[in-house]
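Asks: Okay, so the sequence shown: first residue is 66 according to the working numbering, each after it adds one.
Derived by calculation from the structure, the hints in this document are not laboratory data. Keep in mind it's a predicted model, so treat the numbers as computed, not measured. Any given hint might turn out to be false.
[To be verified] Calculated pairs, DSSO-like style, for lysine-lysine (alpha carbon to alpha carbon, straight line, at most 30 Å): (1) K233 <-> K188; (2) K399 <-> K444; (3) K188 <-> K135; (4) K423 <-> K444; (5) K423 <-> K135.
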Amino acid sequence: MTIFPIQTLNAISPVGLQRLDRDHFDIGTAIADPRGILVRSADLHSMQIPRSLYAVARAGAGTNNIPVEKLAALGIPVFNTPGANANAVKELVIAGMLLAARNLYHAADYTRDLVAELALSGKELDAQVEAGKKQFAGFELPGKTLGVIGLGAIGVLVANAAHSLGLKVLGYDPAVTIQNAWQLSPNVEQVNSVEELFSRSDIVTLHVPLVEGTRGLVNAQRIALMPADSVVLNFARGGVVDEPAVLEALDSGHLRAYVNDFPTAAGAVHPKVIALPHLGASTGEAEDNCAVMAVDQLADYLLNGNIRNSVNYPQVQMARAPGTTRLGIFNQNKPNMIGQITAVLAQAGLNVAEFTNKAQGEHAYTLVDVEGEVQDDLKAAILSIDGVIRARKI
């Protein structure tokens, strides 16, 4: 029986790890030649990739700490867990919106200072509280417009929750999936451009990955489109916001507040910024959900070759044909790859029982169940095909 060594580079919830049965998996932090890596925040960019490695699974949605394209070129799928922490982030976004609307963060600091710094108490404290509360007057959410950029699992939950709180909600996502579109409330209006969303929103919240096309998505030009006294929420990634532009808009009074989960030296001390210490998925429930999803996807790939929620390879799932041997083949996405692979199988006297091939960008993945005895030299024959990256018998 094959046992797959799994290396954990961060603390992974035991709720997830216990799903890896010890008959098939050996789990530890000091595995020398891992077949799989489980990771949360550890930086893999500077890590030497073991030749033994088959897959990486991140217990979270973002993969900026993982060299995704480098691993794709090696035939190593990278799994993430979209939606597993969606409720935790949604709740934090709604909390951030309320913090900004009612000035709760600064009001609490004010009250604490009255006692801690001025040592007020009793009637004197009551009088100062009543005298000072006017400076923290806020606004109510009903009647305001929230613009949601990115309608993935988190964005959809945020949009629906905001509508239930009485806000008018605009959404923008040119690549929204059918599944997420079905989950979106029909009361959410989808707009045609980011500029339209900014110009019509009192509050903008971001739910997009940090890629070249989203870096600096919130910039001076788009902030200028927003109504005066508006709010920006960023619980996506720090780089999707041009922070100097936001700070300038806060100083001018055009923006009321910037609430984010990615503190910087300049932003954390600004009086109109609420900077949280990356709390997005910091709940016990979210950590458990992410670990379970990451572990299940990694195990299914190692045991069955199925790929679910990979960021660098297509989704490929196939039920095993009884009495067959399964092969998993990574190849470049170019013409005649399928023909060459099946020709090699035919030359080896293997009958194809089930076959599926899907591509994503420059790379493709093939799962094939064959009837007949698989000889040791078959892998070398498949790897000799120009464009094949990696092959394994599963």
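Asks: Now tell me, hint by hint, if it's right for this structure.
Replies: Okay, the hints, checked on the actual structure:
Distance hint between K233 and K188 is unfulfilled; the C-alpha atoms sit about 42 Å from each other, more than 30 Å. For the suggested pair K399 and K444, the alpha carbons sit about 20 Å apart, so the restraint of at most 30 Å is met. About 66 Å separates the Cα atoms of K188 and K135, which puts this hinted pair outside 30 Å; it is violated. A C-alpha spacing of about 20 Å is found between K423 and K444, which places the hinted pair at or below 30 Å, so the restraint holds.
Taken as a hint, the K423 and K135 pair is honoured in the structure, with Cα atoms around 20 Å apart against an allowance of 30 Å.
Violation of the numbered hints given earlier is confined to hints 1, 3; the remaining hints are satisfied by the structure.
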